[in-house]
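Trainee: Sequence:
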Amino acid sequence: MALAHQFIVRGMKEELLIPSEQEYIFVSDHLMRYIQDSMRWIHTSWNDQIELEGFPDEGFAVITEMEVERILEIIRPWKALFLASPENFCLTIQEDSDICYREVPVTRREVIEEMEGWIGICDLALKQHSQLVYQGL
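Count the sequence shown with my numbering and you get residues 1 to 137, in order.
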């Protein structure tokens with residue numbers, strides 16, 4: 001996977017430690033860019049002080065348990081939509097410039113696997129009453 005965004009499960013007051021493989025997931029940059037408008041509905045924070053809408057392109061953000069639930073409310077319908085896609089399709093994503101777009105060829109299988117991993121890490125965080133830490137590019 002080229003550029004990717006990482007979501008890591010961590011306890012409420014724990015220091016950020018090196019997670020086991022079951023405690024993190026990578027989401028491709030092209031998938032994040034494709035659904036980025038709805039990801040802006042997620043409230044994140046840095047150092048429990050600076051509130052953000054969505055996820056920063058670079059750096060870290062903390063996602064509370066309540067916002068993890070909101071992520072699930074957003075990405076489960078996206079997964080359902082992708083289940084209806086053709087086996088091979090393109091994600092049209094906006095580049096850094098507002099006027100430049102590109103198409104990224106993907107398979108339904110790879111997108112669904114990413115979505116299932118993302119749902120799984122969110123479910124794990126909720127089960128453990130934990131936060132997620134987001135690490136951008």
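Hints are not guaranteed to be accurate.
The calculated label-pair distances, taken between Cβ atoms and stated as ranges, are [stated by the list, open to error]: (1) C100 x K127: 19 to 29 Å; (2) R76 x E53: 13 to 23 Å; (3) R109 x E51: 34 to 44 Å; (4) P86 x G117: 20 to 30 Å.
Under the rule of at most 20 Å between Cα atoms (straight-line distance), these lysine to aspartate or glutamate pairs were calculated in the EDC-like manner [said to hold, decoys possible]: (5) K127 x E67; (6) K79 x E95; (7) K79 x D123; (8) K127 x E23; (9) K79 x E113; (10) K79 x E51; (11) K127 x E69; (12) K79 x E110; (13) K127 x E110; (14) K127 x E65.
Derived by calculation from the structure, the hints in this document are not laboratory data.
These figures come from a predicted structure and were not determined experimentally.
No residue lacks a Cβ here, since even glycine has one placed at the ideal position from N, Cα and C.
Trainee: Sort out which numbered hints this structure fails and list those numbers smallest first.
Mentor: 1, 6, 10, 13
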